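Participant: Sequence:
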Amino acid sequence: MRYLWLMIFNICLCAALKGQQQREWGHWIIWGDQGNGIYMNPIIPSDYSDMDCIRVEDDYYAISSTFQFSPGMTILHSKDLVNWEICGNAIGDLTQIGEELNWTRMNRYGRGVWAGTLRYHDGRFYLFFGTPDEGYFMTSAIHPEGPWEPLIPLLLEPGWDDCSAIWDDKGAAYFVGTHFAEGYKTYLFKMSEDGKSINRKSALLINSGSGREANKLIKVGEWYYLIFSEHKSGIGRYVMAKRSKKVVGPYKEEKQLALPSLEAMEPNQGGIVLGKDNNWYFLTHHGTGDWSGRIVSLLPVTWIDGWPILGEVLSSNIGTMKWEGAMPFKADEKLSIRRSDDFDDGQLAPQWQWNYQPRKDFFSLSERPGWLRLKAYRPLESNQLLKAGNTLTQRTFRKQNNNVVVRMDISNMEDGQKVGICHFSSQYSSIGVVKEGSDCYLEYRKNGKITGGIRILSKFIWFRSQWGLDGKSRYAYSLDGDNFLPFGEPYQLVWGNYRGDRIGVYCFNDKTESGFVDVDYFHYR
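Add 3 to a position in the sequence shown, counting from 1, and you land on the number used in this note's numbering.
Since the hints were derived computationally from the structure, they do not count as laboratory data. It cannot be assumed that every hint is accurate.
[What the hints assert, rightly or not] Listed below are the simulated EDC-like cross-link pairs for lysine to aspartate or glutamate, each with C-alpha atoms no more than 20 Å apart in a straight line:
no., residue 1, residue 2
1, K337, E148
2, K363, E103
3, K279, D335
4, K514, E370
5, K249, D172
This structure is a prediction, so every number in the text was calculated from the model and none was measured.
I would like the entire structure built from these sequences, with the hints used as guidance.
Facilitator: Here's what the structure looks like:
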């Protein structure tokens, strides 16, 4: 049976390759909105994993998982489903989930805030999500930008993931969750109308097996559809659906919606949404991550015999990856994800996230207006960047040319303090300054290996990282902002802890809780 499945898969894949022009993974010079009525996938070549998407009137909102980064659960906004901006983050304080996500523990790499679902009901936005160690939580807000309510625990038990929720036509609420610890069994629960509790005793098994997760429960017409991802060893991940005319099932009818598309890194988890043009779309991440993370594409949805087929439709009525499409509609403004920050707004721009919940009194945007002040304290492990709490990060992009320049005032550093810029996932590299006694020295770090540099006598220093589609970062520094000198070896950005590469600024002190650095700007071109 397995060999028959593989034969069918290979036949469908060959048909797909003939049916459309393929793109070599990662070598896209063009992406997103082309300005001529066409868009190219990926639409976001950056680590926005575990997408869900909804439409509210003429606006589209999406969420992306954030793991140990704070604030948690990124909220995105679009007018045309192709061009997106970050409009907020839903979880301001990760310690509501547990102390392991705080700067005092830093013990949830690869864990923390996993996939969730975003819903809009009776004038309010609802966010449901899971963490593999703590359970399910919800929060809500009138506006997607916030403020979001404090988290409410729905089920405090490890081993659950990838939840969804729905209100039926009569207002009754239901919650879906997968118990991966039980062999990926998916249950439907009755939920209170306000979304603040679920009835554990009402659990109804509606799906199980083969790594089935990534749940999205939607209603289209008279059918309820449970959209989910399935994984088979040697074949990969692909999107499936079950359907029923009753929300409580039985969900007996089942259909494969898309091939694994291994050459496209398995687009397999996202949200199906109706566009203003009355066409349907699938906003999805690519489930196999690399150094750029799990990036985002937009696929058309074709309804065939009452099933939503995703992407390019093959003769078998199964979908596959589609790299090019017509813009769903033209928006009045072209939104974009912000990357640079001059720190002039009195608050951090929405793309920023701390590595774990930060120590709130150890950074400031007001003590020196127009600058970000990072105050040093001891890491949990000496000389270990991944255990240093005061690291501010954002996602990197996989585009042809990336150029990040950061200007720092290092005149207030103290003995033992280390500051600079870094790339990291499960591994890391950095270029920065260390103060030893009364002197500052340049240094390059790669996973604990240190390369020392010249003594730095100036008050200001500029750090730069450049990389391209190959994901190989090259560091440099400058003492005047114009003339940059390379330093350290090239560093290959990597995938790790279910995350793509992050770039950030850091500040810690192995010896004392003293010293600070002021960051003038972070320019990402």
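Participant: Run every hint past the structure and note whether it holds.
Facilitator: Quick rundown of the hints versus the structure:
For the given pair, K337 sits about 19 Å from E148 by alpha-carbon distance, which is consistent with the 20 Å threshold. Taking the CA atoms of K363 and E103, the gap is near 17 Å; set against the 20 Å cutoff, the hint holds. Only pairs whose Cα atoms come within 20 Å are accepted, and K279 paired with D335 is accepted, the gap being roughly 14 Å. In summary, the hint linking K514 to E370 is not supported, as the alpha carbons are separated by about 24 Å, beyond the 20 Å threshold.
At most 20 Å may separate the alpha-carbon atoms for a hinted pair to count; K249 and D172 meet this at roughly 11 Å.
Violated hint: 4 only; the structure is consistent with all others.
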